[in-house]
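Spelled out, the chains give:
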Amino acid sequence: MTGMSDMTARLAVLARRHPWSTFCCRRAVRLTVSLCAVLTGSFAMIHLIPGDPVRAALGIDAAPGLVAARRHQLGLDQPLVAQFRHYLSGLAHGDLGVSLVTGLPVAELLRTRLPATLEIAALAFLCTVLVAFPAGLLAAIRTRDGRHPRSELVFTAATAALTGLPDFVLAAGLTAGLAVGLELFPIAGGTGARSLVLPVLALALAPTAVLARIVRVEALKVLAEDYVRTARAKRLPAVVLYLRHVAPNMLVGSLTIAGNLLPALIAGTVLVEKVFAWPGVGSALAQSVVAHDYPVVQAMALVLGTVVLVANFLVDLLLGLLDPRSTIREM
Amino acid sequence: MTASLLPRAPRVGSRPAVLSPMAVLAVAMAGSLLFLAVAGPVIWGSAAERLDLSAVLQGPSAAHPVGTDNLGRDLFARVLTATRLSLVLALAATLLGAVAGVVFGSLTAVVGGRSRRLLGSLVNLLLAFPGLLVAMFFAVLFGAGAVGAVLALAIGSIPGFARLTQTLAARVADTDFMAAARVLGLRRHRLLWRHVLPNIAEPLLLNTTISAGSALVALSGLSFLGLGVQAPGYDWGQLLSQGLDRIYAEPLPAIAPGLAIVYAALTFQLLGEVLAQAAARRHGGLPRVPGQTARPASPVPPATDDHVLEVEDLTVAIATPDGVSHPVRGISLALRPGEIVGLVGESGSGKSLTALALADLLPEQARAAWRTNRLLGTDVDTMTPGARDRQLATGLAMVFQNPASALNPSLRIGTQLTEAARTHLGLSRSDALAQARLTLTRVALPSPDRLLRSRPHQLSGGQRQRVMIATGLMTRPRLIIADEPTTALDVRVQRQIVELLRGIRREAATAVLFISHDVALVADLCDRVLVMYGGLIVECLPAAHLATDARHPYTRALVESAPDLSADRDRPLRTIDGLPPDPLSPGPGCPFQPRCTNRQARCAEEHPPLSDLGVGHRVACWHPMPPAAPHIKAALT
Numbered sequence: 001m002t003g004m005s006d007m008t009a010r011l012a013v014l015a016r017r018h019p020w021s022t023f024c025c026r027r028a029v030r031l032t033v034s035l036c037a038v039l040t041g042s043f044a045m046i047h048l049i050p051g052d053p054v055r056a057a058l059g060i061d062a063a064p065g066l067v068a069a070r071r072h073q074l075g076l077d078q079p080l081v082a083q084f085r086h087y088l089s090g091l092a093h094g095d096l097g098v099s100l101v102t103g104l105p106v107a108e109l110l111r112t113r114l115p116a117t118l119e120i121a122a123l124a125f126l127c128t129v130l131v132a133f134p135a136g137l138l139a140a141i142r143t144r145d146g147r148h149p150r151s152e153l154v155f156t157a158a159t160a161a162l163t164g165l166p167d168f169v170l171a172a173g174l175t176a177g178l179a180v181g182l183e184l185f186p187i188a189g190g191t192g193a194r195s196l197v198l199p200v201l202a203l204a205l206a207p208t209a210v211l212a213r214i215v216r217v218e219a220l221k222v223l224a225e226d227y228v229r230t231a232r233a234k235r236l237p238a239v240v241l242y243l244r245h246v247a248p249n250m251l252v253g254s255l256t257i258a259g260n261l262l263p264a265l266i267a268g269t270v271l272v273e274k275v276f277a278w279p280g281v282g283s284a285l286a287q288s289v290v291a292h293d294y295p296v297v298q299a300m301a302l303v304l305g306t307v308v309l310v311a312n313f314l315v316d317l318l319l320g321l322l323d324p325r326s327t328i329r330e331m
Numbered sequence: 332m333t334a335s336l337l338p339r340a341p342r343v344g345s346r347p348a349v350l351s352p353m354a355v356l357a358v359a360m361a362g363s364l365l366f367l368a369v370a371g372p373v374i375w376g377s378a379a380e381r382l383d384l385s386a387v388l389q390g391p392s393a394a395h396p397v398g399t400d401n402l403g404r405d406l407f408a409r410v411l412t413a414t415r416l417s418l419v420l421a422l423a424a425t426l427l428g429a430v431a432g433v434v435f436g437s438l439t440a441v442v443g444g445r446s447r448r449l450l451g452s453l454v455n456l457l458l459a460f461p462g463l464l465v466a467m468f469f470a471v472l473f474g475a476g477a478v479g480a481v482l483a484l485a486i487g488s489i490p491g492f493a494r495l496t497q498t499l500a501a502r503v504a505d506t507d508f509m510a511a512a513r514v515l516g517l518r519r520h521r522l523l524w525r526h527v528l529p530n531i532a533e534p535l536l537l538n539t540t541i542s543a544g545s546a547l548v549a550l551s552g553l554s555f556l557g558l559g560v561q562a563p564g565y566d567w568g569q570l571l572s573q574g575l576d577r578i579y580a581e582p583l584p585a586i587a588p589g590l591a592i593v594y595a596a597l598t599f600q601l602l603g604e605v606l607a608q609a610a611a612r613r614h615g616g617l618p619r620v621p622g623q624t625a626r627p628a629s630p631v632p633p634a635t636d637d638h639v640l641e642v643e644d645l646t647v648a649i650a651t652p653d654g655v656s657h658p659v660r661g662i663s664l665a666l667r668p669g670e671i672v673g674l675v676g677e678s679g680s681g682k683s684l685t686a687l688a689l690a691d692l693l694p695e696q697a698r699a700a701w702r703t704n705r706l707l708g709t710d711v712d713t714m715t716p717g718a719r720d721r722q723l724a725t726g727l728a729m730v731f732q733n734p735a736s737a738l739n740p741s742l743r744i745g746t747q748l749t750e751a752a753r754t755h756l757g758l759s760r761s762d763a764l765a766q767a768r769l770t771l772t773r774v775a776l777p778s779p780d781r782l783l784r785s786r787p788h789q790l791s792g793g794q795r796q797r798v799m800i801a802t803g804l805m806t807r808p809r810l811i812i813a814d815e816p817t818t819a820l821d822v823r824v825q826r827q828i829v830e831l832l833r834g835i836r837r838e839a840a841t842a843v844l845f846i847s848h849d850v851a852l853v854a855d856l857c858d859r860v861l862v863m864y865g866g867l868i869v870e871c872l873p874a875a876h877l878a879t880d881a882r883h884p885y886t887r888a889l890v891e892s893a894p895d896l897s898a899d900r901d902r903p904l905r906t907i908d909g910l911p912p913d914p915l916s917p918g919p920g921c922p923f924q925p926r927c928t929n930r931q932a933r934c935a936e937e938h939p940p941l942s943d944l945g946v947g948h949r950v951a952c953w954h955p956m957p958p959a960a961p962h963i964k965a966a967l968t
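First to last, the sequence lines map onto chains A and B.
Residue numbers for the first sequence, in our numbering: 1 to 331.
Residue numbers for the second sequence, in our numbering: 332 to 968.
I should point out that these hints are in silico values taken from the structure, not numbers from a laboratory.
No residue lacks a Cβ here, since even glycine has one placed at the ideal position from N, Cα and C.
Watch out, some of these pointers could steer you wrong.
As the list claims (entries may be wrong) - Just some of the chain A residues that point at chain B, by a computed CB distance under 8 Å:
id, residue
1, Gly41
2, Met45
3, Ala301
What the hints assert, rightly or not - Partial chain B-side listing against chain A, Cβ under 10 Å, derived:
id, residue
4, Val548
5, Leu601
6, Asp637
All chains, please: the whole structure from these sequences, using the hints.
And the structure:
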């Protein structure tokens with residue numbers, strides 16, 4: 001008992017001395033727990049499906065022998081614990097199973113698909129941050145203290161409208177307008193830089209609008225601070241006033257929101273990839289869901305879940321670095 | 332700080348309840364959706380189902396505005412008919428998710444510590460995943476179909492509602508009122524129904540409205556993926572998916588259901604916006620003053636170059652929803668080099684707005700006007716904006732009340748100290764830093780090198796105020812305006828700051844306008860004192876005479892309410908009954924008259940001018956008090 005409390009006390013001292021490392025450790029533990037949940041979820045998926053997944057995949061008129069063979073191939077005839085152990089050891093060796101439809105290894109599919117998804121998701125996130133920050137800051141400067149109420153109305157209405165635009169509907173609209181109508185961009189597929197434009201635009205537009213609104217509100221808060229009045233009293237050039245005195249103080253709050261937008265953006269790739277037939281994880285997931293190709297669905301769900309968790313983790317670490325005080329406060 | 336200077340906007344209730352254009356639009360859009368959901372299948376239902384194999388996969392025509400599908404059914408009719416199913420499914424999923432989430436989340440408000448933490452981390456875990464992804468996972472489990480999709484989406488939205496409820500309920504759970512309810516022994520479910528839920532209903536309603544929009548989009552997405560509504564049923568998502576397959580030939584069959592989804596999503600978005608605005612209206616911005624700017628300068632008075640600041644008839648007007656308020660109503664003041672002048676008065680007397688007006692830092696709603704305003708001997712009305720900015724930045728230094736918030740938390744002290752000198756005096760980085768080290772030594776701050784590298788949160792309150800003063804001194808100003816510079820500091824540090832200001836005046840003949848409500852401090856530090864009340868200067872006298880010779884009843888009351896000055900310890904400290912006048916509707920008479928113990932008929936009718944009593948003593952009062960308060964005199968002798 002005393003040893004236990006001794007240990008706790010020692011840990012508390014350590015935590016006080018190294019707030020940043022302690023913060024990282026805590027987040028790493030949280031990540032590990034969440035990853036375990038995703039692993040269990042993806043494993044359980046194939047067992048929770050009502051009926052026989054193999055039968056569903058192969059069709060009602062598939063020969064019973066073929067079904068049994070596939071069941072054996074997937075290890076579905078073994079005890080559950082043995083299956084889970086097998087699933088985990090397979091994952092450890094990079095074995096994600098075999099597609100029921102094509103018979104190809106899922107790991108191979110993933111190797112070609114994942115980079116494409118990460119490419120559009122990362123680009124879309126980058127565009128979101130790069131556009132929303134200046135837009136929100138400029139809007140805040142123009143509308144601070146209740147100036148230009150008409151501009152404020154236009155900004156609020158425009159961002160509200162864009163926020164309400166679903167990414168896959170926007171994707172369809174962009175295809176119809178810019179690809180089919182004006183023939184500016186390729187309609188579908190991943191063929192070079194020009195084919196990136198429409199998927200990235202479809203993914204980024206709504207999050208940009210959300211973030212720009214948040215950035216404006218955060219910037220308005222900072223603009224009302226006493227230290228901004230101090231800076232104004234120094235009569236600094238506008239660029240220095242806003243970039244040096246205002247921008248850094250609204251960064252953490254805005255980036256927290258940006259981080260929260262990231263998972264939804266990654267989920268959005270599933271639908272947007274389907275519209276543009278983008279060769280990524282999302283479109284593979286969409287196809288395999290319809291085809292009842294459960295090993296592929298399982299692997300893609302696992303990968304998307306992991307990507308979301310890792311992205312969250314990285315955003316948290318970045319925020320902890322940018323604002324050490326909030327890191328310490330949170331503990 | 333600025334906000335506290337401004338009058339509060341009135342609460343929503345005091346305004347007539349008129350729907351904003353946005354609210355009207357939101358209601359109209361919601362009404363149209365409701366109409367389509369109810370009447371759509373009745374009016375267009377049969378057209379949507381009518382097969383016409385002679386007209387399959389047609390483009391838009393007069394008979395079929397959006398075209399036909401692969402069985403020749405009219406797509407326009409199908410999009411309109413699908414309104415009902417799309418909306419019903421979205422609302423069902425939202426309500427299911429909301430009810431489950433609220434129950435789950437409010438459990439945490441009534442259960443004890445350990446289970447609360449456990450439920451909290453469970454919600455945290457689920458929240459890490461976007462709702463759409465969770466919904467897809469469960470949609471695969473439940474199998475493709477409308478019911479499965481609705482359940483999956485409901486599950487996906489549980490964590491969000493649970494978290495919101497947890498946050499809101501935690502706020503309620505911490506109130507005294509919940510503690511009292513627990514003491515009274517109310518049972519848990521009763522606590523939940525009677526006390527927690529009614530207190531969190533408004534934000535939950537807002538969130539449910541917005542969630543309904545997201546649910547509609549997500550369900551359309553599931554149907555679009557083939558996981559939602561299955562043929563022969565159809566919703567907008569499924570129609571979009573079918574339209575997309577032929578988008579190369581005909582864009583409209585994909586665009587029409589897409590527009591329907593966008594329209595419905597926007598409707599919910601707008602409804603949410605209107606609800607949120609109604610909740611937040613009390614924080615609304617203030618309207619601006621129409622056409623209030625500096626008055627044109629009157630014929631230039633003879634140059635009095637021995638003044639660092641000379642202002643005549645300064646007024647400040649602020650626009651409020653109830654009309655234009657005049658917190659500063661025409662004051663004149665002048666400072667000579669090396670002079671320390673005190674400006675005292677209660678909060679709300681207009682002292683701080685006077686300071687901000689002199690430094691041209693008034694908030695947007697406020698406008699200053701004056702007859703003359705000469706800074707360092709130059710009329711500011713004749714200066715170009717650039718020259719004026721430079722003059723204000725270098726000739727005048729501001730020290731604000733709260734050093735904790737007046738320094739930028741994310742910038743190093745070195746940057747904040749040097750930037751004005753680098754911008755306006757053209758100093759190089761190294762020259763500016765060298766001067767910063769000297770200035771920090773001058774304000775008695777040790778180890779300047781370490782200080783220049785640190786950030787404000789690493790300093791104490793007194794150190795921060797010294798840094799603020801040093802920042803002002805960097806441009807070698809001739810005038811310092813210090814607005815309550817010691818109010819936020821403890822008494823020992825107060826004295827140090829006062830000593831510092833004295834030292835600066837001695838060394839560089841810098842004039843100081845010292846604004847404070849602390850009469851004792853002002854009497855100690857200043858050469859002259861201006862007493863401000865209701866936006867006017869009511870008395871002006873040498874600081875040495877303040878304790879004994881004040882003639883205005885208000886000044887006398889101030890002095891008697893200060894423990895350090897009213898030497899007669901046997902008498903109870905005096906408080907001034909009543910409130911300062913409303914700057915929105917100042918009366919014609921003396922502003923102090925309603926609270927004055929010595930008021931007579933004339934006081935309420937006519938405003939007393941400042942009349943000269945000799946030896947630098949002027950007072951605005953029809954019936955000044957006798958030259959000295961006997962009890963103070965007695966105590967002093």
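To see whether the hints hold, each was checked on the structure:
1. Because the beta carbon of Gly41/A sits about 7 Å from the nearest beta carbon in chain B, less than 8 Å, this interface hint is met.
2. Taking 8 Å as the C-beta cut-off, the interface hint given for Met45/A holds, the closest approach to chain B being about 6 Å.
3. A hinted interface residue such as Ala301/A counts as satisfied when its beta carbon comes closer than 8 Å to some beta carbon of chain B; here the least separation is about 6 Å, so the hint holds.
4. For the restraint placing Val548/B at the interface with chain A, the shortest Cβ-Cβ distance is roughly 4 Å, inside the 10 Å limit, so the hint holds.
5. For Leu601/B, the interface hint holds, the least distance from its beta-carbon to any beta-carbon of chain A being 7 Å, beneath 10 Å.
6. Against a cut-off of 10 Å between C-beta atoms, the interface hint on Asp637/B is violated, since the closest Cβ of chain A lies about 25 Å away.
Checked against the numbered hints listed earlier, the structure breaks hint 6 alone; every other hint is satisfied.
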